[in-house]
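Engineer: Read off the chains here:
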Amino acid sequence: MNSVLSVQNLSIEYSARRGRVQAIRNVSFDVQRGEALALIGESGSGKTTLGLGVVQLLPASAQITQGAITYRRDHNGAGAIEIDVLGLRGNGLREFRWKECAMVFQSALNALNPVLRIADQFADTAKAHGYLHGNALRERARHLLTLVRLDPERVWKSFPHELSGGMRQRVLIALSLLLEPQLLILDEPTTALDILTQRNIMDVLKELRGKLDFSLMFISHDLSLAAELADRVATVYAGKVVEVGDVKTIFKSPAHPYSIGLILAVPTITGTHENLSSIPGSPPDLIDLPSGCKFHPRCPLADHRCTRDEPELEDVSPGHRVACWNWRSAK
Amino acid sequence: MANALIALDHVTRTFQVKRQTIKAVDDLSLAINAGEIVCLVGESGCGKTTTGKMIAGVLPVSSGEILFRGEEISNLRGDAHKKFRLGVQMIHQDPYASLNPVRTVFDTIAAPLRHHHYTQTETATRKRVRELLELVDLTPPDDLLDKYPHQLSGGQRQRVSIARALTVNPAFIVADEAVSMVDVSIRISLLNTLSKLKTAMGLSVLFITHDLALAKYFAWEGRIGVMYLGRLVEIAPSRQLVEHPQHPYTQVLLSAIPEANPDVTRKKSRIELRSMDVPSLMRLPSGCAFHPRCPQFIGEICERVRPELTQANGARVACHLVEEKVTRGA
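As they're listed, the protein sequences go chains A and B.
For what it's worth, the numbering used here labels the leading residue of the first sequence as 1, then goes sequentially.
For what it's worth, the numbering used here labels the leading residue of the second sequence as 1, then goes sequentially.
Keep in mind the hints are simulated off the structure, nothing from the lab.
One thing to keep in mind: the hints can contain errors.
Stated by the list, open to error - Taking lysine to aspartate or glutamate pairs in the EDC-like style, the calculated list, with each CA pair at most 20 Å apart, reads:
{"hint": "1", "chain 1": "A", "residue 1": "K248", "chain 2": "B", "residue 2": "D263"}
{"hint": "2", "chain 1": "A", "residue 1": "K252", "chain 2": "B", "residue 2": "D263"}
{"hint": "3", "chain 1": "A", "residue 1": "K206", "chain 2": "B", "residue 2": "E272"}
{"hint": "4", "chain 1": "B", "residue 1": "K198", "chain 2": "A", "residue 2": "E274"}
{"hint": "5", "chain 1": "B", "residue 1": "K267", "chain 2": "A", "residue 2": "D222"}
{"hint": "6", "chain 1": "B", "residue 1": "K267", "chain 2": "A", "residue 2": "D246"}
{"hint": "7", "chain 1": "B", "residue 1": "K268", "chain 2": "A", "residue 2": "D222"}
{"hint": "8", "chain 1": "B", "residue 1": "K267", "chain 2": "A", "residue 2": "D231"}
{"hint": "9", "chain 1": "B", "residue 1": "K268", "chain 2": "A", "residue 2": "D203"}
As the list claims (entries may be wrong) - Examples of chain B residues lying across from chain A (beta carbon under 7 Å, computed):
{"hint": "10", "residue": "E43"}
{"hint": "11", "residue": "S44"}
{"hint": "12", "residue": "G155"}
{"hint": "13", "residue": "D183"}
{"hint": "14", "residue": "V184"}
{"hint": "15", "residue": "I188"}
{"hint": "16", "residue": "A256"}
{"hint": "17", "residue": "P258"}
{"hint": "18", "residue": "E259"}
{"hint": "19", "residue": "T265"}
{"hint": "20", "residue": "M276"}
Said to hold, decoys possible - Derived, one-sided and incomplete: chain B residues facing chain A with beta-carbon distance under 8 Å:
{"hint": "21", "residue": "L212"}
{"hint": "22", "residue": "A260"}
{"hint": "23", "residue": "N261"}
Built from N, CA and C at the ideal position, the CB exists for glycine as well.
Throw the hints in and build the complete structure from the sequences for me.
Structural biologist: In structure tokens form, the structure reads like this:
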């Protein structure tokens, strides 16, 4: 199997005053080498927790209750070394982060150290990981900055506050690629940016994928971002992947009532407006989840079985999996 | 313009930033009729929110006039002023911040009813609150009356703020990014509620958003205005604006928006900007503020002369190129 990351039966809970928040429930998925996988879901669906879980940066209140995360490092095509991510501690974990798997966080605009020039942000990262220094580092950083369509001359000596939101986001993307990670995780990479800036970030990401060799996992509530960038899409609802498939299948013949509803709920510029409709109800409380299929209170196809048993992912067609008892009538 | 419910006449709003004066809204003229929907779209800092606040009377204009039913709002006093303040209501972006957390839904909606004597007795207040909740599709109302904001979902909260805005029978609603903080899956139903109210109560709505697709959906029968760095650059009936945009900025925006359809979005033809740098309001480019980025820049006139909104094929567009085409065509 040629996946760079496999997540198996992962469950993550947070302890809160009101009870246990079941943010991720028994989730399994793979990121194939070289592909871009989009995790799509609404706020509170657990998708950010999933990203943080992979880089082991969960807050102290979170607990991984079950599952495994396996990362496969490619050795110049000569086989892969498997790393058990959840077993990593200390130095091993430090080496895994950024060198193998880097993450660009959602609050990207605040992720740079405000008192360091961009040059020093690169130097800091390189030093902490025993990577290049001096001129070699400078060359590598400039190369990356050019790849994200920034003018290295202008940016190199700037402080973060001197750059616009879109420029900071691109600096972060360049910085995340500094140690040549094989997997890049982006959490809401275009949220809170203006339309033209979003377009620019999307174009940069597309270009980077063509020029560098890495896999991409991005997390977003924005369906159009997935339509634009992803090879495969996984829909997340109430802490569970409810459907996964290649991007065309998910958008053209989605099988899960939630994916169908989500696609119908987003107006587009070119589309007609007649068929649009919202999903009734609202996303569930992760502390007090409904019984059976977590989508059943909002689902047009829900029957008695849905209120009782939770469906697991099953094959619809090769590569297209859905967790729904009634997907045959949904299509 | 005389019959417009709200009319802006050469309205400018300036702010002092670092001992410098910036124009957040610059020379904006716009008339909105009773029962009309107008969407203002644009990127952050384009002045759309400032425009909404001035119309709602919460921010005074620096120069120019805003007329409500033909009367200048800053001259209104006493009863006339009250009529204006009640007649124009705002729905804010953040339903988590705009509701008082220690008031129940009933208290939130009952307060303005009692204060402005729309209802005289407690029974009448209860009845009216129920009606309003049903109007905004919060049914059955009895389930919600005694709930506090933290017990409601984002969508329900936003419906409560709409119901609250309706307590005083407004004629005009300013909705500033009113659905952008609500879950994607329920935005459309919220917009449908607003559309329904517009039809049922003859409301005018100024809908402010950064999302052109949403604007097109909501203002299907209305107009969309596009703002750039404080100026209105194009305003047209919604479908026309989306299908035949005339201002280069509108064209760029439309070509940049990704679509939730992989075939369409990956084949979409893109218009490249000449520059990705967004000019600061503190150092606005001369002439047309869009000229340093404009893909259809035609030369000196764009750098020197600020284009005014002119009639062009049923729209109003502020662009020298469009102006030239219209003159040549005529």
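Engineer: Now tell me if each hint is right for this structure.
Structural biologist: Evaluation of the provided hints:
no. : hint             : in the structure
1   : K248/A to D263/B : holds, 8 Å
2   : K252/A to D263/B : holds, 9 Å
3   : K206/A to E272/B : holds, 16 Å
4   : K198/B to E274/A : holds, 18 Å
5   : K267/B to D222/A : holds, 19 Å
6   : K267/B to D246/A : holds, 18 Å
7   : K268/B to D222/A : holds, 18 Å
8   : K267/B to D231/A : holds, 15 Å
9   : K268/B to D203/A : holds, 13 Å
10  : E43              : holds, 4 Å
11  : S44              : holds, 6 Å
12  : G155             : holds, 6 Å
13  : D183             : holds, 5 Å
14  : V184             : holds, 6 Å
15  : I188             : holds, 4 Å
16  : A256             : holds, 4 Å
17  : P258             : holds, 4 Å
18  : E259             : holds, 5 Å
19  : T265             : holds, 5 Å
20  : M276             : holds, 6 Å
21  : L212             : holds, 6 Å
22  : A260             : holds, 4 Å
23  : N261             : holds, 6 Å
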